[in-house]
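Participant: Residue strings, one per chain:
Protein chains: 6
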Amino acid sequence: MPYVNIKITREGATPEQKAELIAGVTDLLRDVLGKNPATTVVVIDEVDTDNWGIGGESVTVRRARGS
Amino acid sequence: MPYVNIKITREGATPEQKAELIAGVTDLLRDVLGKNPATTVVVIDEVDTDNWGIGGESVTVRRARGS
Amino acid sequence: MPYVNIKITREGATPEQKAELIAGVTDLLRDVLGKNPATTVVVIDEVDTDNWGIGGESVTVRRARGS
Amino acid sequence: MPYVNIKITREGATPEQKAELIAGVTDLLRDVLGKNPATTVVVIDEVDTDNWGIGGESVTVRRARGS
Amino acid sequence: MPYVNIKITREGATPEQKAELIAGVTDLLRDVLGKNPATTVVVIDEVDTDNWGIGGESVTVRRARGS
Amino acid sequence: MPYVNIKITREGATPEQKAELIAGVTDLLRDVLGKNPATTVVVIDEVDTDNWGIGGESVTVRRARGS
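Residue numbers (the UniProt record's numbering), protein chains in the order written: chain A, 1 to 67; chain B, 1 to 67; chain C, 1 to 67; chain D, 1 to 67; chain E, 1 to 67; chain F, 1 to 67.
These are calculated hints, taken from the structure and not from any lab test. All figures in this text were calculated on a predicted structure; none of them were measured in a lab. Any given hint could be a false lead.
Stated by the list, open to error - With a straight-line cut-off of 25 angstroms between C-alpha atoms, the simulated SDA-like cross-links for lysine to any residue are: (1) F:Lys35 - F:Ala23; (2) D:Lys35 - F:Asp31; (3) E:Lys35 - F:Val61; (4) B:Lys35 - C:Val47; (5) B:Lys35 - C:Arg30; (6) C:Lys35 - C:Val47; (7) E:Lys35 - D:Thr39; (8) A:Lys35 - E:Thr49; (9) A:Lys35 - E:Asp45; (10) A:Lys35 - B:Pro37; (11) D:Lys35 - F:Gly12.
Unchecked claim - Okay, the calculated beta carbon distance ranges per label pair: (12) F:Glu46 - A:Glu16: 50 to 58 angstroms; (13) B:Arg10 - A:Ala64: 39 to 47 angstroms; (14) F:Arg63 - E:Arg30: 22 to 30 angstroms; (15) D:Arg63 - E:Gly12: 42 to 50 angstroms; (16) C:Arg63 - E:Arg10: 23 to 31 angstroms; (17) D:Gly66 - E:Thr39: 21 to 29 angstroms; (18) A:Arg63 - B:Arg10: 24 to 32 angstroms; (19) E:Glu16 - B:Gly34: 27 to 35 angstroms; (20) D:Gly66 - A:Arg65: 20 to 28 angstroms; (21) F:Pro15 - B:Thr39: 15 to 23 angstroms; (22) C:Glu11 - B:Arg63: 24 to 32 angstroms.
Unchecked claim - Short derived list, chain C residues pointing at chain A, Cβ under 8 angstroms: (23) Tyr3; (24) Val41; (25) Val43.
Every residue gets a Cβ at the ideal spot worked out from N, C-alpha and C, and that includes glycine.
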């Protein structure tokens, strides 16, 4: 019954990679806490780099600077 | 003053259906807890089926299998 | 398969009232969008009034002022 | 190390405005709580006006009515 | 730079189990998407069983019924 | 009408500091985007250091190590 929300920048994650994240985190919750995979929900949000900030700057600006 | 976030898969909910959700959940909070509709905020997120997992699989894969 | 998060101030909602919210929002999603109640998840967060702001002030301050 | 999520309606905020939000909220957390800007994360979600409700109505409907 | 939020019912997860979740999900994001562990943030929310609903009922009620 | 969620570790932020965060972020949204303070909602979540991970470790463990 857990709910997991994964937020990443939108930079080309493939459906296969997203399926790996879903499977991996569902397995982790079963292995560590005994949670039932059938009712484990995972939602992935892909966020534009203009809309993600770290260190007081957007990721767009950091990428442009080479950080 | 409540805040409600509804996450659903992106599968063609219409503006009319989304308006029904907004009205319905606002009414529910007024009826059950006496919350003021004027300051009740509802945000609906529609999530791609590749990005929603349940049972360790994406909804895209489940739909393709007929689940 | 929807996920709903309801945030309210912590001001004494009873288990019965929270059960009504859970049932009501689950029914709403079934009625409006045909969503399966068995996999509809609802999480209620109760937030201290010091930690909830509206109009630039905490709810604690507003309540003290009689707003 | 704080995490801040800002949700606004999608109505044309520019990259420059979003950068100002990111810088401003990061500075605020440093000034008020001494939080390290290097690990302060800010995520901005822009939400379609059909998907944002207040007062029991979508923002789309309110805007059309002139509210 | 990912941000992960894990919501589980509050039913006695230990600090060691929570540390395993944090390490596991951080590793997963590095392995699948090459994300930098140093800036991967994980937040675990433990939710009272009265405040978690599935199938239109609170987990408290389901547990009492033996579900 | 914006909604802002600020997550910080639970390490003794005072009501006065939380009020400063609420006022500051509300002002920021008015100044940068012209958002109406009257309907700007801010919710602060304080998270136990066992439940916050960065760099693959909980903040509890990092603090104990002197990081």
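Participant: Each hint should be assessed against the structure and marked as holding or not.
Facilitator: We went through each hint and held it up to the structure:
1. F:Lys35 - F:Ala23: Holds, at roughly 13 angstroms.
2. D:Lys35 - F:Asp31: 23 angstroms, holds
3. E:Lys35 - F:Val61: It holds: about 22 angstroms lies between the C-alpha atoms, which stays within 25 angstroms.
4. B:Lys35 - C:Val47: 15 angstroms, holds
5. B:Lys35 - C:Arg30: Roughly 23 angstroms separates the two Cα atoms, so the pair holds.
6. C:Lys35 - C:Val47: Judged against 25 angstroms, a Cα distance of about 28 angstroms means the pair is violated.
7. E:Lys35 - D:Thr39: Holds, at about 15 angstroms.
8. A:Lys35 - E:Thr49: 15 angstroms, holds
9. A:Lys35 - E:Asp45: 15 angstroms, holds
10. A:Lys35 - B:Pro37: 37 angstroms, violated
11. D:Lys35 - F:Gly12: 13 angstroms, holds
12. F:Glu46 - A:Glu16: 50 to 58 angstroms: 38 angstroms, violated
13. B:Arg10 - A:Ala64: 39 to 47 angstroms: 31 angstroms, violated
14. F:Arg63 - E:Arg30: 22 to 30 angstroms: Hint holds: Cβ distance 23 angstroms, inside 22 to 30 angstroms.
15. D:Arg63 - E:Gly12: 42 to 50 angstroms: 48 angstroms, holds
16. C:Arg63 - E:Arg10: 23 to 31 angstroms: Distance hint for C:Arg63, E:Arg10 holds at roughly 27 angstroms.
17. D:Gly66 - E:Thr39: 21 to 29 angstroms: The hinted range 21 to 29 angstroms is violated for D:Gly66 and E:Thr39, with Cβ atoms some 45 angstroms apart.
18. A:Arg63 - B:Arg10: 24 to 32 angstroms: 27 angstroms, holds
19. E:Glu16 - B:Gly34: 27 to 35 angstroms: For E:Glu16 and B:Gly34 the Cβ distance comes to about 43 angstroms; the hint is violated.
20. D:Gly66 - A:Arg65: 20 to 28 angstroms: Violated - the Cβ-Cβ distance for D:Gly66 and A:Arg65, about 44 angstroms, lies outside 20 to 28 angstroms.
21. F:Pro15 - B:Thr39: 15 to 23 angstroms: 21 angstroms, holds
22. C:Glu11 - B:Arg63: 24 to 32 angstroms: Since the Cβ atoms of C:Glu11 and B:Arg63 sit about 42 angstroms apart, the hinted range of 24 to 32 angstroms is violated.
23. Tyr3: 6 angstroms, holds
24. Val41: 6 angstroms, holds
25. Val43: 7 angstroms, holds
Going down the numbered hints, you'll see the structure goes against 6, 10, 12, 13, 17, 19, 20 and 22, while the others check out.
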